[in-house]
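Participant: Given chain A, work out where chain B should sit, using these hints.
2 protein chains.
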Amino acid sequence: MSASQEERLDSVTEIKRLGIIAGGGELPFVLLAACESLGIEPFIIAFEGHTNSSLCEGYAHIWTRLGAVDKILKTLRAHDIEDIVMIGSIRRPSMKELRPDLKAAAFFAKYGAKALGDDGLLSALKSFLGDEGVSVHGVHKFSSNLLTPAGSVGAIEPQDEDVLNIRRGIEILQGMGQLDVGQSVIVQEGLVLGVEAIEGTDALIERCYNLHREGRGGVLIKLCKPAQDQDLDLPTLGPNTVELAARYGLSGIAVHQEHSLLLKREEVAEIANKHKLFVIGINPSTY
Amino acid sequence: MSASQEERLDSVTEIKRLGIIAGGGELPFVLLAACESLGIEPFIIAFEGHTNSSLCEGYAHIWTRLGAVDKILKTLRAHDIEDIVMIGSIRRPSMKELRPDLKAAAFFAKYGAKALGDDGLLSALKSFLGDEGVSVHGVHKFSSNLLTPAGSVGAIEPQDEDVLNIRRGIEILQGMGQLDVGQSVIVQEGLVLGVEAIEGTDALIERCYNLHREGRGGVLIKLCKPAQDQDLDLPTLGPNTVELAARYGLSGIAVHQEHSLLLKREEVAEIANKHKLFVIGINPSTY
Chain A
1 MSASQEERLD SVTEIKRLGI IAGGGELPFV LLAACESLGI EPFIIAFEGH
51 TNSSLCEGYA HIWTRLGAVD KILKTLRAHD IEDIVMIGSI RRPSMKELRP
101 DLKAAAFFAK YGAKALGDDG LLSALKSFLG DEGVSVHGVH KFSSNLLTPA
151 GSVGAIEPQD EDVLNIRRGI EILQGMGQLD VGQSVIVQEG LVLGVEAIEG
201 TDALIERCYN LHREGRGGVL IKLCKPAQDQ DLDLPTLGPN TVELAARYGL
251 SGIAVHQEHS LLLKREEVAE IANKHKLFVI GINPSTY
Chain B
288 MSASQEERLD SVTEIKRLGI IAGGGELPFV LLAACESLGI EPFIIAFEGH
338 TNSSLCEGYA HIWTRLGAVD KILKTLRAHD IEDIVMIGSI RRPSMKELRP
388 DLKAAAFFAK YGAKALGDDG LLSALKSFLG DEGVSVHGVH KFSSNLLTPA
438 GSVGAIEPQD EDVLNIRRGI EILQGMGQLD VGQSVIVQEG LVLGVEAIEG
488 TDALIERCYN LHREGRGGVL IKLCKPAQDQ DLDLPTLGPN TVELAARYGL
538 SGIAVHQEHS LLLKREEVAE IANKHKLFVI GINPSTY
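Those protein sequence lines, which keep their order, are chains A and B.
Number 248 in this note's numbering belongs to position 248 of the first sequence; there are no gaps in the numbering.
One gets this note's numbering by counting positions in the second sequence from 1 and adding 287 to each.
Derived from the structure by calculation, the hints contain no laboratory data.
Watch out, some of these pointers could steer you wrong.
Stated by the list, open to error - Here are a few chain A residues that sit away from chain B, every Cβ distance over 12 Å (derived from the structure):
id	residue
1	Gly39
2	Ile62
3	Lys71
4	Glu97
5	Asp101
6	Gly151
7	Gly182
8	Ala203
9	Ala227
Unchecked claim - Partial selection, computed: residues in chain B whose CB lies under 8 Å from chain A:
id	residue
10	Glu384
11	Ala396
12	Ile459
13	Gly469
14	Leu498
No experiment lies behind these values; they were computed from the predicted model shown.
Just so you know, even glycine gets a beta-carbon here, dropped at the ideal spot from N, CA and C.
Isolated chain A (complex conformation) (with noise of 0.2 Å):
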């Protein structure tokens, strides 16, 4: 274990309930076996159409809707949970669907439109829970490794053509971020196939296989926006990712190093090495 992250550990130990505000997918299953290897009591808000249900089983949790700003903090309070960690994929709804409470509409109110970009939503949001007294952490504090390591991921590794391809999708991704849109790109031969928006990394795979071109496959980049707060949704690749990209042709995926997700890295390994896919950690400043 490296030094940076016993000291991400150390100050997590202080902690001894944790609000999971859970949304689909994966990664609150792997914070849920953080807490309970490091004697933390969990406690589940749950979003009725966005958690699995099978993550609340055995848990204390409740089950409410996005807008319930109140309830959710209420419920927090009374049991006396100061520490919550936002996590897992919410499709953003409508303001109609997301009938906001007077807590909610207070926190529209606040932050206005700054509240509508993809990161600004959960800045302001992590700033507004701030003032009521919560703190918001990030999941790889939990889980140790569940950052992306720096270099290969399995046993292949870019070609020349590749890493063109990969500092040209730097280079729109570093920009797109600064507007607070865009995590991922596809780009084959220079050529930016897809640039991903609200759809998701998969869909994103799904319609760039109609748009390739003959010859080597692109490579799909995945980066955390410039200036991206850790604590938040950080950008995450894992096993089903690696498979459709090995699916649709793709020559391989490039991550932001300590800066992203990487789920089940051994799983992650075998699949690159057996459909020969390089899936890499890069260090967008200096690649």
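Facilitator: Frame of chain A, contents of chain B only:
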């Protein structure tokens, strides 16, 4: 006819013979009709797999492949053609599909990676053709009413919410345009549902339907990139896209006034009115 339109027309009245480097879609037909009415003799360079074969009927033409630059230049010289328009959609091929001849290879050697961006390629090509004694013109010089006018094309005006979405779209596109990628976005409630790379505007509209939120529909914003050359490939809007936008529940479309092409203006207005959709020409610097 405005003074600037007269000036534009003046500049091409000297042209007796015009080479039309023709991709797919409707625009090459518009240009051919304009040549007829201006007494300009067209010569069509048609591309296998790209150009609509009915375009060539009754006109001097050759069929060739994209990478055969030397053949194209020799053909233009043999017919005393010094002026061309590059027009219509061409699905950008991979280097493998392109099979560049020596002249094309010289072009790529000279411009290298610069040629790999979307507009970078066209600008480099224009400069390369200039060195070969060929002037590249924009279609709007030949058909005075093709440029999108300012203001609403139909009877419907954007609502306050639409205006905010348009402004968010402008912000995204201006940032992305500097990276030479992205011509359109769809924004709903300030949320960027999708960003167009090379899939085309119609594909963007279709895929964003699955991502839309309840409530008032999103807005398609389509702009010319900041440094885009008016003589090259301008953003284009026509009845088909407006029909599609209505079918997929968008509230309206904002396009770049004077820096984009609007096909069949009356038909666009009719479709927009029928579906209560706004179509508006905007100046992104002042909107």
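Participant: So which of those numbered hints doesn't the model satisfy?
Facilitator: The structure conflicts with hints 4, 7, 8, 11, although it agrees with all the remaining ones.
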